[in-house]
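All chains, please: the whole structure from these sequences, using the hints.
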Amino acid sequence: MDANMMTQAAQAVGAIGLLGTGLGVILGVAARYLSAPVDDRTEAIAALLPGSNCAQCGYAGCKQAAAAIVDGRAAPNCCPPGGASTAQRVAELIGVWLAVDGSDTALPTVGWVDEERCIGCTRCIRKCGSDAIVGAIKQMHTVLPEVCYACGLCVTECPTNAIVMKPVMPTLATWHWPKPAAKRPTAAA
Amino acid sequence: MMLFQVRGGVKLSYRKELSSESPIVRMPTPKRVCIPLQQHVGSPAEPVVEVGQWVGKGQLIGRAGRGISANVHASISGTVIAVEDRVAPHPSGLTQLTVVIESDGADRWAELPQPITADFPLPATPKELNDRVAAAGIVGLGGAAFPSAVKLDMRYKYSIDTLVINGAECEPYITCDDRLMRESAAEIVDGVRIMAYALAVEHIIIAIEANKPKAVKAMREAAKADSSIRLVTVPTRFPMGSAQHLLLAVTGRETPADKRTAEVGAVVHNVATARAVSMAIRRGEPLVSRVVTVSGLGVREPANVEVPLGTSVEDLLTFCGGLHPVPTLLIGGGPMMGAPLPSVHAPVVKGSSGVLALTASETNEGPESPCIRCGKCVTACPAGLVPVEMAQLIRRGDLQGAKAIGSQDCIACGSCSFICPSHIPLAHYFSFANGKLSALDRDARQQDRIRSLVQARNERTAREAEIKKAAAAARKAAKAAAAKATAEPPTQLLEEST
Amino acid sequence: MSTLVNRAGPFTHTATTVSSTMVWVMVALLPATAYGLWLFGWPAVILFFITLGSALAIEAIMLALLGQPVGARLMDGTALLTGWLLALSLPPWAPWWIGVLGSFCAIVIGKHLFGGLGQNLFNPAMVARVVLLISFPLQMTLWAAPAPLGSEAAPSFMQSVAYISGQTPVPEHMSAATSLGLLKTEVSRGISVEKSTEKLPPLFQMATGKESGSMGESAAVLLLAGGLLLMVLRIISWHIPVALLGTLGALAALSHALDPSRFASMPIHLLAGASVLGAFFIATDYVTSPVSRSGQLLFGAGIGALTWVIRSLGSYPEGLAFAVVLMNALVPLIDRGFRPRVFGRSWRGKSLEVKSQPRIHI
Chain A
1 MDANMMTQAA QAVGAIGLLG TGLGVILGVA ARYLSAPVDD RTEAIAALLP
51 GSNCAQCGYA GCKQAAAAIV DGRAAPNCCP PGGASTAQRV AELIGVWLAV
101 DGSDTALPTV GWVDEERCIG CTRCIRKCGS DAIVGAIKQM HTVLPEVCYA
151 CGLCVTECPT NAIVMKPVMP TLATWHWPKP AAKRPTAAA
Chain B
1 MMLFQVRGGV KLSYRKELSS ESPIVRMPTP KRVCIPLQQH VGSPAEPVVE
51 VGQWVGKGQL IGRAGRGISA NVHASISGTV IAVEDRVAPH PSGLTQLTVV
101 IESDGADRWA ELPQPITADF PLPATPKELN DRVAAAGIVG LGGAAFPSAV
151 KLDMRYKYSI DTLVINGAEC EPYITCDDRL MRESAAEIVD GVRIMAYALA
201 VEHIIIAIEA NKPKAVKAMR EAAKADSSIR LVTVPTRFPM GSAQHLLLAV
251 TGRETPADKR TAEVGAVVHN VATARAVSMA IRRGEPLVSR VVTVSGLGVR
301 EPANVEVPLG TSVEDLLTFC GGLHPVPTLL IGGGPMMGAP LPSVHAPVVK
351 GSSGVLALTA SETNEGPESP CIRCGKCVTA CPAGLVPVEM AQLIRRGDLQ
401 GAKAIGSQDC IACGSCSFIC PSHIPLAHYF SFANGKLSAL DRDARQQDRI
451 RSLVQARNER TAREAEIKKA AAAARKAAKA AAAKATAEPP TQLLEEST
Chain C
1 MSTLVNRAGP FTHTATTVSS TMVWVMVALL PATAYGLWLF GWPAVILFFI
51 TLGSALAIEA IMLALLGQPV GARLMDGTAL LTGWLLALSL PPWAPWWIGV
101 LGSFCAIVIG KHLFGGLGQN LFNPAMVARV VLLISFPLQM TLWAAPAPLG
151 SEAAPSFMQS VAYISGQTPV PEHMSAATSL GLLKTEVSRG ISVEKSTEKL
201 PPLFQMATGK ESGSMGESAA VLLLAGGLLL MVLRIISWHI PVALLGTLGA
251 LAALSHALDP SRFASMPIHL LAGASVLGAF FIATDYVTSP VSRSGQLLFG
301 AGIGALTWVI RSLGSYPEGL AFAVVLMNAL VPLIDRGFRP RVFGRSWRGK
351 SLEVKSQPRI HI
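Residue numbers (this note's numbering), protein chains in the order written: chain A, 1 to 189; chain B, 1 to 498; chain C, 1 to 362.
For the record, the hints were derived by calculation from the structure and aren't laboratory data.
Zero decoy hints are in this set.
Pairs of lysine to aspartate or glutamate, EDC-like flavour, derived with a Cα cap of 16 Å: (1) A/Lys179 to B/Glu368; (2) B/Lys31 to B/Asp107; (3) A/Lys166 to A/Glu115; (4) B/Lys31 to B/Asp104; (5) C/Lys350 to B/Asp258; (6) C/Lys355 to B/Asp161.
Nothing here was measured: the structure is a model prediction, and the numbers come from that model.
The structure is reproduced here in structure tokens:
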């Protein structure tokens, strides 16, 4: 290579290198100072969760679970009582994509009081997060299914094991076609 | 008369010749009928009869519920032997509240309202006619089962100027409307005129698909006398019978999305509904039977049968010679938009236009293969959607994405699945997606309600704790004050006494 | 007895399947292919079958490797058609390894590496052709003069095997330039297009195909007939062919009117080269073309325009393969932008206004 070619090459390399470095610095500065603040997402997510601190997600309470979701330690669908709709909203809020494919075919459950076993102690009533159990001392207790969201606190509380979780069966009004079965032999979809 | 272009749709092999030349036969009264209390869109009817009670044919057994609903009447005379959950003619196999009547063999009519036999103009106000139609429990007999009186009442909410009568019958195999038009054209036209009078419309259009020339002839003959009725032949293309598409074809008016046809000044009724209206007004008979097409290569003798509502599919099939050979599928309705029947014990209801026993050669099923992006589904879709893209999104679990490109505008006609060379169940994907989105919506609303209850409870518990704390503090203060008081006085007394 | 079925309707289906569609496309290609094979003699026949055979073999191997049902997918005809179209776009006397390498590129790189049937972004046959053209420009531009089977000039079977296997090189007197190739080289030498046009075969001959070119592109009339058959059968619609040929023809006519010495006339552009083959058989490939009709018009027009640009202003004599591949890259964007209008909604997606609806015309 002669000297002319060397200078030309050096010029080209220098120009591109300078451009690249300059753009990289700009990007770094932007990432540092122009990134979106993330602090208030914990509040927003906690507002979406039921709020009764039933600990089914594995965290002490709903606020702790919200913090874990923001950190990425917990998945957006970690709240069973919240159901699929809560999972969707939380996922939307933190920008995580959650596939809805009807594979959550486990039926939702609600509590049910076995009247043979209930002794009317009202311990479950005091524990229920959404006031879904009606009853009084020495009176029969019963669960209002439309208010119960299956946090399960009453089941552990009952001294006579009188409450069980029963699945909610679909009715003609709530039934819909399940997702067509995947017939692909490969994983690619 | 000018016809307007309607996009999309598919050409099918109709196989109507299996039953189109069979005149309507009346089925003998079955031994038992199971009449569901919800055979219509809206809220179920509430039972007004008890077990053990005798009911006459046409007697009210279910009163319309709140909101949009319809009455239900006994279709035979006999004793009510049960009011309980029985299998519904629904693909889920679920049950619904049903009134079971055992026939007394007499087939006696109960007391019916006074018929109006006078010629036009009728000696009754439109309101009175609507009330009669409502009392007769008439719903759309084309399959949609929307309460007809509610549709006739639309004149009070919207300005209606056109009544379109739907004689398209675009599904394969189904010929019940075709035969009705050929055999009872006069009754149908009478019903049309009654509805037109009740709606006070300017124009009446009867639309019939071109593959029913004899029906066109018969209806034209019957409608000759009334100059305000125009008869028009529409091209034979599925789904020409969709109310909104038929309306577009004959009037050029496109119903806005998520709105009713009444918004653009038109009401669409089926020909069989018109006949039912005529029977209710002219004879006082409520809706207790309907014509059902039993067809398919799996039935020995395909026929068009006038069936009392609540008759089991089993009895109906026996009347038509039984199943032979054993079919692959038993379908309620047509093959495109109908659904599989859960069992032969399911009853015939107001919306059952057909019972089909299809064999493998007719269903033409094939193994699903990958999508080749041929775009035939896009050309076929009458709603102007892009099935290939929506199905791809749904398969990946992105239901919101599918909704964003219009999956909720899908009319579930099945044209896309029909035309797909790779046998992809496109319409099934969209039924699933829309059902799932509704379920998520319901779930979200329930969660909102529960969350507010939880919040209320938390606040209440906090308040109670507050009050308790304050009470405990007050008690403590009072105790401390009392202790202080008992500790001091003795020194004072001693001082006073000296 | 439960008669429940686990799937929703509809419960009837058209008889058309993927295989039946592929079969009809091959039937439509048959006349032009047979003519091409006859025109170029035994070497073309051998190359054709080698290309097809290797396409099928490579597809079978790939399906087995990917764990997909070999029997069903092999028989659906898509790999065979890809090999067929690739063969038709090769020089008729090219060495055998061009055919095999081309099939490999088409099937493995162009189809399976993207995800298999229905997932590829680019037309596999065109990907292969582009790869071959750029990698082996010499072999891919050695065109043979027509030497019909049975004529004196035609090589015997054994001679053909020698040519195709590479043992003996193709003799000078048997090679010839294509029409577009001739025009390009003459223009670069400064000779006006009008003058060079005199050296070309007459238009009638170009249409019926007795000219040099790739194996399948010569007989425009036969290809047109095949294309019309496909349109009648509703396998393809008119949008892409009309848009492609229309744009190409319009640009050709316009440019020729403006500067006849530099630009070839419209008939030459439409009849020479792979225009007709591309318009009806290559650009209309389902997987790599847009799904909506309006999108297809834009797609066809784009290919036509790019073909004209590359032919007239670029350095390659034939630009269809590049044009197709370039427009394929735009197809996802076209699909996103060109959706049909939903019933009951405006173009923006909002529910229609109820204000003025037509009066009834009775």
